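Peer 1: The task is simple: from the sequences and hints, build the whole structure.
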Amino acid sequence: MLPFAPRLTIMILLLPVGAGLAGVLAPAFGWFPALGGVTLSLDPWRALLAWPGLSSAVWLSIVTGLGATLISLILTVMICAAWQGTRAFTMIERALSPLLSVPHAAAAFGLAFLIAPSGWISRAFSPWATGWTQAPDILITQDPNGFALMAGLVVKEVLFLLLMTLAALGQVPARRSVLMAQTMGYGRMAGWVLTVFPRIYPQIRLPVYAVLAYSCSVIDVALILGPTRPSTLAVQVLQWLSDPDLTLRFQAAAGSVLQLVLVLGLLLVWRGGEQATARLGCACVRRGHRMAADGGMRALSMVFALLAVLAVGLGILGLAVWSFAGFWSFPNLLPDQFTLRNWMRQSGGISKIALETAVIGSVATVLSLALVIACLEAEHRHGLRQSNRALWLLYLPLIVPQATFLIGLQTLAISTGLTGMRAAVIAAHVIFVLPYVFLSLADPWRAWDTRQGLVAASLGAGANRILWRVRLPMLLRPVLVAAAVGFAVSVGQYLPTLLIGMGRINTLTTEAVALSSGGDRRLIGVYALSQTVMPFIGFALALGLPALIWRNRRGVDRG
Amino acid sequence: MFPRLTTTAALLLAGLTVPAFAEPDPKDWEAVLQEARGQTVYWNAWGGDPRTNDYIAWAGEQVQAQFGVTLEHVKLSDTATAVSTVISEKAAGQTEGGSIDLIWINGANFAAMKENDLLFGPWAEDIPNWALLDPQENPALIEDFTVPVEGLEAPWSMARLVFYYDSARVAEPPKTMLEFLDWTQANPGRFTYPQPPDFLGTTFLKQALLELAVRRDPLYAPVEDRVYDEVTKPLWEYIEALTPDLWRQGQAYPQNGPAQRQLMADSEIDIAISFSPGEASAAIANFELPDTVRSMVLEGGTIGNASFLAIPFNANAKAGAMVVANYLMSVEAQLHKQDAEVMGTPTVLAMHKLTPEDAARFADLDLGIATLSPADLGPALPEPHPSWMERIASDWEARFGVAQ
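Sequences listed follow chains A and B, in order.
Terminal number for the first sequence in the working numbering: 559, no gaps in between.
Terminal number for the second sequence in the working numbering: 1404, no gaps in between.
Please keep in mind that the hints were generated in silico from the structure rather than gathered at the bench.
A portion of the hints provided could be inaccurate.
[To be verified] Partner residues aside, some chain B positions facing chain A, computed with beta carbon under 8 Å:
1) Tyr1042
2) Asn1044
3) Ala1080
4) Ala1186
5) Gly1189
6) Gln1255
7) Val1402
It should be emphasised that the depicted structure is a prediction, and the values quoted were computed from it without experimental measurement.
Ideal placement from N, C-alpha and C gives every residue a C-beta, glycine not left out.
Peer 2: Right, here's the structure in full:
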C-alpha cells in the first residue's frame, strides 16, 4: 500500500486540479459553451492586453510579491540570528500562536485602523499634539506603490516564517554551531547566518515559495490595504469575474493564466536569487570578516520583531474594542459608548457554525496529514524521490488564482452531484490544506537524522515500529505544527466552502466574509475574534503539546 | 442520411431537456401553494447588512408559519457568486434541481442573466400580489435599467439615489452637481465617491451625466459610438475639474458604499452617497454614523430603481420561490420593511391599490430622523440603459482608474 501513496495522492488531486485548470485555460482561449463561447480564439488575450492598467497592475503584483517575501525572509533571519536561544526569543515564540491565528484579512483590517489618518495612532496624538479635530487628508493606506499592502503582508508572513523556522530548528544543532563560530571570533548574527541559515533554508524553502505565491496573488489583504488605480492583477481578475458583463469572464480567465505565469516566473527569479545569495555567502566566508560588532543590528532586529508583533497584536486589539463599540468618533481614543449588542446579535447561530467549522477543519487536516506522511514515508522507505517531481501538482491550487480555479472545480462537483454535501466541502478543503501540510512537514521530515532509524533497526525494530515509536515522536513538533497550519488554512477557506457547499454548509468564514462586505468594523471585530479563537487552539496545542508530552524526555524533539 | 440523423438526435435531446414534470404555473395559485408546502427555498442574497439579514430571517419565520415553506438565506459577499453558480450548473448540464431558488438581483446582473437564458419565467406578473403594484405610475417595476422585465423578476423594494451629510460640519449642502463642484473646491478633500465599476460610484457618474448632458434621450437606448463622445463630453470635463479636490486628491477611492460610510464615521469626508433613502437613519441606529447626519437629494430629481427577486431556470423549488416572492410583496412584509426600526426601505406597493386602512398604516410609519419623506425625495429619474453604465465605467477606468 505504502509504495502507492504518492501516486494515490496525486490521483486524488489530479482530477480536481485538472478540472480547476481546465476551467481556467478553456475560457482563456474562448471556450465556455454556457456563455456562448464555442470557438477557440485569442480574443480574451487581446481584450486583456487592451486593458490600459495591465502593465501597472502586473508591475505592482511583482513588486509587492517579491518585496513582501524578501523583507519577510530577511526579518525572519535577522530575528533568529540575533536572538535565537535567548529569553527574548522564547517570548517571541510564545507570542507566535495567538498572532498566527489572526486571519490575514483581520490583520489587514486591524493594521488599516492603526495607520490610517483617522486611525488609532493618529487618535492617540489628536488633538492635543497634532491639533487635528478631523482626520487629515493624507494618503497612507492604498498608496500607489503598495507600501501599505507590503506592510500588511510582511507582519503576517514574518510570523509564519518564524514558525516554520522554529519547526526546522529541531533538526539543526544551531546553538553548537553558533558557539563554534563565536569561538572563532564571529559575531553572533554572522555566526548564525553563515553556519545555521544554510542548513535551515533548505527546510523552509517550500514555505518561502508559498509566501511568494501568496503575496503575489493575495486578494483580501490587497482589497483592504492595496492601491486601487489600478489594483494588483489578482484583484483585477476578481473584479472582472464579478462584473455583471459576463463576457469579461473570458478576459478574467486570460488574466488568471497570466497570473499563473507571473507566479511561476517569480519563483524562477527567486530560485536564481537563491544561488546568487549562496555564492555571495561563500565569498563572504572566504573574505573572513568576523562582523563581531553586531549590537546595533541586534537591537534593530528586535525593533522589527516588536513592530510585527505590535502591528498584529494592536490591530486585533483595535478590532476587539470595535466589537464592543457603539458610536466611535474621531479623534476619541476609545468609543463614545460601549455596547454588547454587536455580540448579542451574532451569538444565536455561532456555536453551531463553530462546530461545523471545527469538524470540517479537523477531518480535512487529518486526511491531509495522513496522505502527506504516507507520501513522505514511502519516499523514505522505497526511495521514491523521483515521484516527488510529480508532487509539484500539489502546489498548483496555491498558485492558480482561486476564483477562476474554483469555477472549474465547481463545474466538476456539480456534474458528479456532490455539491452541497459536507464531504464534498471537506474534499475541496483537502485540495488547499494538503499543500500547506506538505510544505510545512516535508523538509523537517527529510532532515530527520536517519541514523536514529538505523539504531532502532539494529535493535530489531521493523519499519512500522520505527515510524511509530521513533520517527513520529521525534518529529511530533513539526507534525503538530503542520496540522495546525493545515487547520488554520481550512478555517480560512471562503470561496471553496461557498461554491462547493452551495450555501448549504456555513462556516465562521462564510459568515464573516459575507458580513464584512457590509464594512461595519463592529461586526468585522466580532467575527475576526471568533475566527481567531479556533486556529489559536490549534497553534497553542502544536507549540504546547510537545513540551507537555516530552516533559520527562527533554531533547526528544530537538534531534 | 446525416441530416435526418441529426434531426432525430436533436429531437431526442430536446425530449431529454423537457422536464419530467410540469413547471409550476403561477396562474393556478392554489396549485403553487400546494406544491410549495414542505419545500426549502435557498435564497441567495447579499449578506453584508445585519438589518437585511434579520429581515430575511423574519420573513422566513412568516412563510414557514403561513405557507409551510422553509427559507434558507445563503449569505453572499457578492451577487456575482450566485450568477457564477448558475452558469457553472448550466455548464455542467444541470437543467433541473439547481442549488439556487431565488436571487436578489437587479440591473446589469439581471440583463446579463436574461440575455443568457439563465432565468425561469415569466411568472412575476401572474402572482397574486402583483395586483397591488402600479407599473404605469412606477415604471421602474417593469423596466430594470430600461431592460424590459417581462415577468422574469419580481420587485421587493425601491431604491433611490440620495446623499447624506453631517449637519454638524456642513451647514449648506450642495443641491446640484455644479454646486458640488463649488463646494468641493471650497472644502478640498471632504468628498469622494466609491470607485467605479462599483455600482454606487457608477450611479454617481450617471446622475452627473443626466444633469449635465445636453440631450438625455440617447441615454435610454443602447449606447452608440457616434453619439457617445458628444453626450459624455460635459461629464468628463466635470469629473476632470472635480478630481483634484476629492478625498486624497483622487489618488485613492473607497471601494464601495460601506467603505465610504466608514470614511464618513471617521470624519474623513463630510458628504456621502447612498442608494437607500433609509440608510442614514439605519446607520445612526446601528452606531455607524453620528446622529447629526441628514439625507438630501438634488434639485431636478435623482436616479431611482427597484430591487428584484429572480428564479434561476433550473431552480429546485420554483413554487416555493414564487410563494416567498409573493409574500415579500404583501402589505404585511412591505410595511415591516419600511419601518425605520427594521430596514426603512421604500415600498413597491401603490397606495391607491391598497385598502384605505392599509394605506393609512403606511402613512403612519415613523421613517427615522435622517430619512426624507416620499414627498421630499422628489421625482425619480429612470436608470439609463445598462450599456451606458458599462461604457462609462470602463471609460472612467481608462481616464482616472489607472494612474500613469
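Peer 1: Just pull the numbers of the violated hints for me, sorted ascending.
Peer 2: Structure breaks hint 4 only.
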